[in-house]
Amino acid sequence: ELLCLIGAKLVGVYETAYQMKFDRDLQTRNIEGLAANCASLLSTSHRRHFVKSLITMLTEQRVAGEHPYEEEKLQGVLRDVTEQLGRSESGEY
Numbered sequence: 304e305l306l307c308l309i310g311a312k313l314v315g316v317y318e319t320a321y322q323m324k325f326d327r328d329l330q331t332r333n334i335e336g337l338a339a340n341c342a343s344l345l346s347t348s349h350r351r352h353f354v355k356s357l358i359t360m361l362t363e364q365r366v367a368g369e370h371p372y373e374e375e376k377l378q379g380v381l382r383d384v385t386e387q388l389g390r391s392e393s394g395e396y
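The sequence shown runs 304 to 396 under this note's numbering.
Careful: at least some of the hints might be erroneous.
Straight-line C-alpha distance at most 20 Å; calculated EDC-like pairs for lysine to aspartate or glutamate [as the list claims (entries may be wrong)]: (1) K355 with E335; (2) K355 with E375; (3) K355 with E374; (4) K312 with E369; (5) K355 with E386; (6) K355 with D383; (7) K355 with E369; (8) K324 with E304; (9) K312 with D326; (10) K324 with D383; (11) K324 with E369; (12) K312 with E335; (13) K376 with D328; (14) K312 with E363; (15) K324 with E335.
Ranges between beta-carbon positions, derived for each pair [said to hold, decoys possible]: (16) A339 with G315: 13 to 23 Å; (17) R351 with G315: 28 to 38 Å; (18) Q378 with E304: 15 to 25 Å; (19) L308 with E363: 21 to 31 Å; (20) K376 with S348: 17 to 27 Å; (21) T347 with R382: 10 to 20 Å.
Bear in mind the hints are in silico, worked out from the structure with no lab data behind them. Just so you know, even glycine gets a beta-carbon here, dropped at the ideal spot from N, CA and C.
From just these sequences and the hints, can you work out the full model?
Shown next as structure tokens:
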């Protein structure tokens, strides 16, 4: 799926930018879960949601350590990004 391919590329870019390495198997599972959740969004900007959500997840893991994202946590990240995007479109950002 396209979102999974985008996610794999973003992990590589993130690793280069921060000179670090992630557990690729764990990140692949996180990306697959995020992609499934984003694909179910009734939004034309689901790719934007995916990218912003993945960067949020990678940043959290860079700071606090890697971990799997379960369904509830994925939903929370998506909810936060949806709120951020809503504020940016209304001029709050």
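Okay, the hints, checked on the actual structure:
| no. | hint | in the structure |
| --- | --- | --- |
| 1 | K355 with E335 | holds (15 Å) |
| 2 | K355 with E375 | holds (17 Å) |
| 3 | K355 with E374 | holds (17 Å) |
| 4 | K312 with E369 | holds (18 Å) |
| 5 | K355 with E386 | holds (12 Å) |
| 6 | K355 with D383 | holds (10 Å) |
| 7 | K355 with E369 | holds (18 Å) |
| 8 | K324 with E304 | violated (23 Å) |
| 9 | K312 with D326 | holds (14 Å) |
| 10 | K324 with D383 | violated (26 Å) |
| 11 | K324 with E369 | holds (11 Å) |
| 12 | K312 with E335 | holds (13 Å) |
| 13 | K376 with D328 | holds (18 Å) |
| 14 | K312 with E363 | holds (18 Å) |
| 15 | K324 with E335 | holds (19 Å) |
| 16 | A339 with G315: 13 to 23 Å | holds (21 Å) |
| 17 | R351 with G315: 28 to 38 Å | violated (20 Å) |
| 18 | Q378 with E304: 15 to 25 Å | holds (19 Å) |
| 19 | L308 with E363: 21 to 31 Å | holds (22 Å) |
| 20 | K376 with S348: 17 to 27 Å | holds (21 Å) |
| 21 | T347 with R382: 10 to 20 Å | holds (18 Å) |
The structure fails to meet hints 8, 10 and 17 from the earlier list, while all remaining hints are met.
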